[in-house]
Amino acid sequence: MTDRRTTIKWMLGAAASMPLLNYRAWTQEVTAWPAVRGYGGDPDLTKLYHPGDVWPLTLSAAQWRTAKALCNVILPDDGRSPSADSVGVVDFIDEWVSAPYPHQLQDRPVVLEGLAWMDAEALLRFEKYFAELDESQQHAICDDICYEPNAKSKFARAAAFFARYRDLTVGAFYSTPAAWKDIGYIGNVPLTKFEGPPAELLQKLGLGPNDK
Amino acid sequence: MSIPSRAVGKNYDVIVVGSGAAGGQTAYTLSMEGVKVLMLEAGRKYVPEQETPMFQTPDQAPLRGASTPEKAFGFYDATVEGGWSVPGEPYVQSTSDPHGRFAWWRSRMLGGRTNHWGRISLRNGPYDFKPHTRDGLGFDWPISYADMEPYYDKVERLIGVYGTSEGLENTPNSAPGCLLPPPAPLVSDYLVQQRARRLGIPIVAGHRAVLTQQLDFKRSPALLHPGNLKAQKIIAAHMQQRAACIWATDCGRGCSIRANYQSTTVHLPPAVATGNLDIVCDAMVSQVVLGRNGLAKGVKYVDKISGAEHQASARVVVLAASACETARILLNSKSTLFPNGLANSSGKVGRYIMDTVGSSLSGQIPLLESLPPQNEDGASGHAFYAPWWGYQDQKNGKLGFARGYHIEFGGGRRMPGAGTLHGLERFTGGSYGTKLKEDARRYYGSFVGFDGRGEMIPNENSYCEIDPQMKDKWGIPVLRFHWKWSEHETRQAAHMQKTFADIVQAMGGRVMGKVVSDGAEAIAPGGFIIHEVGGAIMGADRRTSVTNEWCQTWDVKNLFLTDGAVFASNADKNPTLTIMALAWRSADHIADRMRRKEL
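Note that the protein sequences, when read in sequence, are chains A and B. Read the first sequence against my numbering and you will find it ends at 212, with the numbers running on by one and no gaps. Read the second sequence against my numbering and you will find it ends at 599, with the numbers running on by one and no gaps.
If you are wondering where the hints come from, they were derived from the structure by calculation, not from laboratory data. Mixed in with the good hints there might be a few duds.
Said to hold, decoys possible - The calculated lysine-lysine pairs, modelled on DSBU-like cross-linking and capped at a C-alpha distance of 35 Å, are:
{"id": "1", "chain 1": "B", "residue 1": "514", "chain 2": "A", "residue 2": "181"}
{"id": "2", "chain 1": "A", "residue 1": "152", "chain 2": "B", "residue 2": "514"}
{"id": "3", "chain 1": "B", "residue 1": "233", "chain 2": "B", "residue 2": "597"}
{"id": "4", "chain 1": "B", "residue 1": "435", "chain 2": "A", "residue 2": "204"}
Next up, chain A with everything else stripped away, as it sits in the complex (with noise of 0.2 Å):
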């Protein structure tokens, strides 16, 4: 099946996800989330979900705030698509790391630790909260911890964190149907015949059906 590599990597998550999780000394302040109960092995599926219908959201006020303006700086509104949290994103972050399964819990910590980092390094170098800069401070703060092969090695976790937010933000942004239409998904929609590529293009690529 096409997305058995996707569960694959799930199921081999463990591994991959190691250095995410060599963050010992920001852990340790992170209070246990309570066990909670996830959906089950046979949830309605043909009902609409909001976050917090099925396990309670967890982030406080000030979280939200640092996360909302973060996902934003990542993926703004740039006039042929919304901003990440107008469709939703900060919930889907909120619904995240609060979920009760494996994934997510090692998330937690990571987003969290990483949240409370950026008003920290927010309040150093400029004295306000990050939700608070303006766009150039915010992009001096992200410019630094953007890239993680870059990263000086003070912001490695600072970037790793980053990559993680950015790849949350990124998946929950362009699993929405407002954003299909700016990166061009016009699936989803019945159709009496499947035709395939047009020609036209076919040829431009210089590929087709009498290839050999």
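Starting from the known structure of chain A, arrange chain B on it as the hints suggest.
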């Protein structure tokens, strides 16, 4: 389809345990032939027409539909109460060594795993039934491709499989009129085809159980059920009720319009319509009951709703509970006559569990960047595949592993989900902001993933047995697994990695992640491909096999095993189509012997 009440009637000819590909086909064939059948399913009733999330989008699901242990293939996957772990129904590993573990996928629902499977429907070829004769490894089946061919034709006609006949080595053609036309390929499919062919790898139409057009309800019924007018009428009506594919929504969600094969939409409705099939769900079979005459009398099962234990009786018992569950039921059916488990005089019950060799690699392909948006949902993947091309190299001892694999691959603008565009920084240098949005437009749809699916040779170290201590929540002793790949499998997995990297390179692309050259690391763990077969293999010799060529146990003549348990080898071809063809053949035999009063 109406499921009769959970009360079991009387005077059944045959009990069928399980309702998936094997149980569904067995019950279909028998009930169409006028045999009275009771089907017992361990999971709940499931109604695809009402329960399938056809057009739901990820933002309507918890966690954007991401995989969790409770929904391992994502929230919208059709599986109910299933996965590699089922609450209250544990199994045991014999070792903590990760390479010695077997992960057992189950789903507890009517139709079993057919509701979510990939629908890839490949025939075994002539070599695949006689592997020992060809290379001295593993076991031959007591049947040949010629014995199976008419049943492959029938199953394809009944369930609807798209594909083409290409006349390639050990990759059989179908009889004219059996296959539906394949779906149009995507741009990425054409690119893989062009570049892989330059490496000598054949790329041809895939075979999947998806209706690319309506079934031939005028001609097929008479070919499926010659001389049986009632059966012809029923199946003609059901073929007309099944819609053709609407080129949207992932088949793994199931299909409410019955456009792909799942037992619940294809086998069970016409079988119920005969009036000859009763289905009882939430009925967890624990053992086969043996009579004093040495014949199976029926089965014991737990009603999962009330917790009460019941017994059902019939002239014939068919186990089709999935390979390992079937072995488990046999091993748990102990008696003075069979102290080591029923039908186990050979000691082979539970032995020779096989999965499929799996390994994956993906690439980012600059040629596919920034293409004009098109709807690429198609038939949800696998317009093309690569059948194994190395038979001659293997014959000449060139490859270092004995058996082949095929390649499944896919790219294109698939529905984005929670994991879409993760890890993009390796191409973008860590972009964020408006630049990230530009990068997302550029890279979305430019990835192609490759999955190898290869043959595992049965070995003495891969088996299941009953754990001496642990029981499940119903009080039924559970399985303990032992697992070991041989070098034939690990070398094959390393070969897959190299081949996929070569194809990505030939496409002008960049490999995502690392090409793993150590086969033991490249291979997916046992059970991950969910193609487990064996555990009660068929053979020509009762001392070394559990059943004969009719799936009939050597020891108990009215006990049949029609699922993957009887596979004597596990070719690279996905097992489901062969399970159905074997089950049909076995059910024909059962019906025939019953008519002759021999059963």
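Here is what the structure says about each hint:
In summary, the hint linking residue 514 of chain B to residue 181 of chain A is supported, as the alpha carbons are separated by about 33 Å, within the 35 Å threshold. Among the hinted pairs, residue 152 of chain A with residue 514 of chain B is consistent with the structure: their alpha-carbon atoms are about 25 Å apart, no more than 35 Å. About 27 Å separates the Cα atoms of residue 233 of chain B and residue 597 of chain B, which keeps this hinted pair within 35 Å; it holds. A distance of roughly 27 Å separates the Cα atoms of residue 435 of chain B and residue 204 of chain A; the hinted pair therefore holds under the 35 Å criterion.
Of the numbered hints listed earlier, not one is contradicted by the structure.
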